[in-house]
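Each chain, written out:
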Amino acid sequence: MNRRTLLSTAFAALAAALPAAAQTDWPERPVRILVSFPPGGSSDLVARLLAEKLSASLGQQFVVENKPGAAGTVAATALKEAAPDGYTLMLSNLTPFNVAPVRFPDTPYDPIADFDHITYVGAVHLGLFAAPSAGTSDLAAFIEKAKADPGFYEYGSSGVGSWGHIIAEQFQDETGTELFHIPYKGSGPMRLDFMGGVVPLIFDAVPQNLPAVEDGTAIPLAVSAPERLSSLPGVPTFAEAGYDIVAENWLGVSAPAGVPGDIEARLDGALAAAMELDDVLDQFESWGLIRVPKTSEQFSAYVAAQLRQWTPLVEAATE
Amino acid sequence: MDLLSNLALGLATAATIQNLAYCFAGVFLGTFIGVLPGVGPLAAVAMLLPVSFYLPPETALVMLAGVYYGAEYGGSVASILLNIPGTPSASVTCIDGYPMAQQGRAGVALFSTAMASMFGALFGVAVMVLLSPKLADFALLFQPAEYFSVMVLGLVAASIVSSSGAVRGLMMVCLGVLLGTVGIDVNSGETRFTGGLPQLRDGISLVVVAMGLFGISEVMVSLRGATQSYAGKGLMGSMFPTAAEWGRSLMPAIRGSLVGSFFGTLPGTGQTVASFVGYAVEKRVNRRRDQFGKGTIEGVVVPESANNAAAQTAFIPTLTLGIPGSTTMALMLGALMIHGITPGPRLISEHPELFWGLVVSFVFGNVFLLILNIPLIGIWVRLLRVPHSYLYPTVIVLICVGVYSISNSIADVWAALAFGAIGYALRLFRFEPAPMLIGFVLGPMMEEYFRRAMLLSRGDPGVFVTRPGSAALLAVAALLLLATVLPWKQWVTRGVSAAPSRGQG
Chain A
1 MNRRTLLSTA
11 FAALAAALPA
21 AAQTDWPERP
31 VRILVSFPPG
41 GSSDLVARLL
51 AEKLSASLGQ
61 QFVVENKPGA
71 AGTVAATALK
81 EAAPDGYTLM
91 LSNLTPFNVA
101 PVRFPDTPYD
111 PIADFDHITY
121 VGAVHLGLFA
131 APSAGTSDLA
141 AFIEKAKADP
151 GFYEYGSSGV
161 GSWGHIIAEQ
171 FQDETGTELF
181 HIPYKGSGPM
191 RLDFMGGVVP
201 LIFDAVPQNL
211 PAVEDGTAIP
221 LAVSAPERLS
231 SLPGVPTFAE
241 AGYDIVAENW
251 LGVSAPAGVP
261 GDIEARLDGA
271 LAAAMELDDV
281 LDQFESWGLI
291 RVPKTSEQFS
301 AYVAAQLRQW
311 TPLVEAATE
Chain B
1 MDLLSNLALG
11 LATAATIQNL
21 AYCFAGVFLG
31 TFIGVLPGVG
41 PLAAVAMLLP
51 VSFYLPPETA
61 LVMLAGVYYG
71 AEYGGSVASI
81 LLNIPGTPSA
91 SVTCIDGYPM
101 AQQGRAGVAL
111 FSTAMASMFG
121 ALFGVAVMVL
131 LSPKLADFAL
141 LFQPAEYFSV
151 MVLGLVAASI
161 VSSSGAVRGL
171 MMVCLGVLLG
181 TVGIDVNSGE
191 TRFTGGLPQL
201 RDGISLVVVA
211 MGLFGISEVM
221 VSLRGATQSY
231 AGKGLMGSMF
241 PTAAEWGRSL
251 MPAIRGSLVG
261 SFFGTLPGTG
271 QTVASFVGYA
281 VEKRVNRRRD
291 QFGKGTIEGV
301 VVPESANNAA
311 AQTAFIPTLT
321 LGIPGSTTMA
331 LMLGALMIHG
341 ITPGPRLISE
351 HPELFWGLVV
361 SFVFGNVFLL
371 ILNIPLIGIW
381 VRLLRVPHSY
391 LYPTVIVLIC
401 VGVYSISNSI
411 ADVWAALAFG
421 AIGYALRLFR
431 FEPAPMLIGF
441 VLGPMMEEYF
451 RRAMLLSRGD
461 PGVFVTRPGS
471 AALLAVAALL
481 LLATVLPWKQ
491 WVTRGVSAAP
501 SRGQG
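Residue numbers (the numbering used here), protein chains in the order written: chain A, 1 to 319; chain B, 1 to 505.
Calculated directly from the structure, the hints in this document are not laboratory data.
Errors might be hidden in some of the hints.
So the derived list for chain B, only partly shown, Cβ under 7 Å to chain A, looks like this [what the hints assert, rightly or not]:
#1 Gln143
#2 Ala166
#3 Gly189
#4 Arg201
#5 Ser205
#6 Leu206
#7 Ile323
#8 Met337
#9 Ile338
#10 Gly340
#11 Thr342
#12 Gly344
#13 Pro345
#14 Arg346
#15 Ser405
#16 Asn408
With a straight-line cut-off of 20 Å between C-alpha atoms, the simulated EDC-like cross-links for lysine to aspartate or glutamate are [unchecked claim]:
#17 Lys185(A) x Glu190(B)
#18 Lys80(A) x Glu52(A)
#19 Lys185(A) x Glu447(B)
#20 Lys185(A) x Asp2(B)
#21 Lys185(A) x Asp185(B)
Glycine residues also receive a C-beta, built at the ideal position from the N, C-alpha and C atoms.
Build the full structure now, drawing on both the sequences and the hints.
Here it is as structure tokens:
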């Protein structure tokens, strides 16, 4: 046996051994989970909760790394550039994968082709809330009033190109109303002005507004879920009222494209098991995160379908 | 009486062994992390957030709050000793604190900082206890027009703060405002001055600018040997202020605390505006205004009492409305959310033990802070004996680590170094970085609120003067500006010299 054959045999053996090693050995070192928000927000908390459960079940540290910025595209770009070896993951969500690539054509990644979308976590929905000063508690009655007085009612969103803004534009299209947009930098300052009676209406994620609803300072008119929400059973969906508005801000776990299938299967299994735990379910419920289990294939198809759904809406809102 | 039963409930919560221990641990860790240049309260709280997940909610909040105001205090140590503020609000403390250190009075400056911080904090707590339900309503009364006027006041105050003259101060403020326009425009969603870099869409990071302008440039200045002279001078001198200084500090501490308590309740403006406005007002009101900027004790007492009072009252909008005024406050809310508590208007009535326990823990925490820090002053001052060849490379490393940790971005570190070079160039031409920083912080907010107020009034600029709150704030700003521009000092001296001659005649 000469040196060349020896080498090639060694390589062949190595190549044959590698997948087998991955099957049993991943994770061998700490795994990073990128989060596209600063610490403390609900996505960050979801990531930390899941990281803790994965660390326990897979025997390696799962470390949350916050990479906020540029509508989540900083984190998604970093994910694309990472090696597809299962050691860099991201808590993916609506904005960097379905909104930003449409809004910013120079986004340096393809939200579908460049990633493996592995596990669906859950979603929160959007609501239309009115302040008591708006003098309305019923969607149909409000639409009548708004039609009679185009441009009179202001609504707040958490920014130009935010999902609240995009859905508000769709709402105006569908209902034939004309509302006056007041954009904010994030949901916090918007809710402050809403409580202070500065803006009479907001389009905002449901969970963080539930305390104000209980308090009577925010009146929910409709929600963007496909069915009524268990947290607001008395509030109709837009669909019930006859408008084709269904919007959810989803969360999932994604990786750079090309992660070996067995690692993906192991991760998906561990995440699915974690999200069956009672304490995780309790936390999800308290954060208003609604989970409908999906397989990895279903989740990938879902992200692609969401992109098709959002593309025309984003273009219409931010033209 | 309601108040007494609330305080009793708070005391029962805060005075358990566990909560006292975590409160102490919080202020202790906070102080040490805060002392490191480049690492402020935000990084300190973020580091300890995961620990809080394993604690009951009130203990978690007590500890994180301790970390927060401990780090706020710790930040002033680096401001005074090294001229490197840990936070934008501490940059005001540099103005008089650092000259005091150069005169060999670092111990006195640190001691008065500790006293002023505690005074301001307890003042803020008293305001919270007496007025908490009203304060939440007060924060809601502030609408975009009022916020705009607050920003105007803050910017006018910033240009007055400068000891190199109001014109230079104003130039620096304008430069800061211009830098602040980088990023996505809130109203149109268009990007401005980003040069196509996605990293700049959210604007330039405040920590990057602050650390570059102050921290890195200070190290560069020291490389020239410009600040070497004072090290070792009067190190072990008394840390106690003279009797005259005690007396001179009381009124400024009260004024600073009042200003601080007011601004702390406004989400988003908080401590930075509080310390700048407090300093600017004092510089107008105080009879020894000529001494400001040259290392006078009042110049340390005012911003420290103001920003610590603001640090306490900032919890009001956060906890009663569920709306965080700053990123650090957002972390506190995160700590509650992990325990299934969503802060909102009903937090105080649904979780009274949480709110009142926290308030009472502020008192304990601030006392701990004082007890902890008085013995430490000697150690901090001795830091100045560390040869600069060891000290400054360490400082640079810490700043880089601190800047990197904000969003795990190496680009931020390069940007901070670039701002260091800019800051150095500015200093060579005797321009001060503090007004530029406040312009950078307030300018974009001022624009945002101005345009929002104009949207809401549908283009009528009258809102700024017809709303009484806004009109009053603008009037104060105008008075401050007039008092600076007009040569009133000459009138006063002329008036004094004229009076006796009239008497004789």
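**Q.** Hints that the structure is at odds with (numbers, increasing)
**A.** Hints 2, 5, 6, 15, 18 and 20 are the ones this structure does not satisfy, whereas the remaining hints hold.
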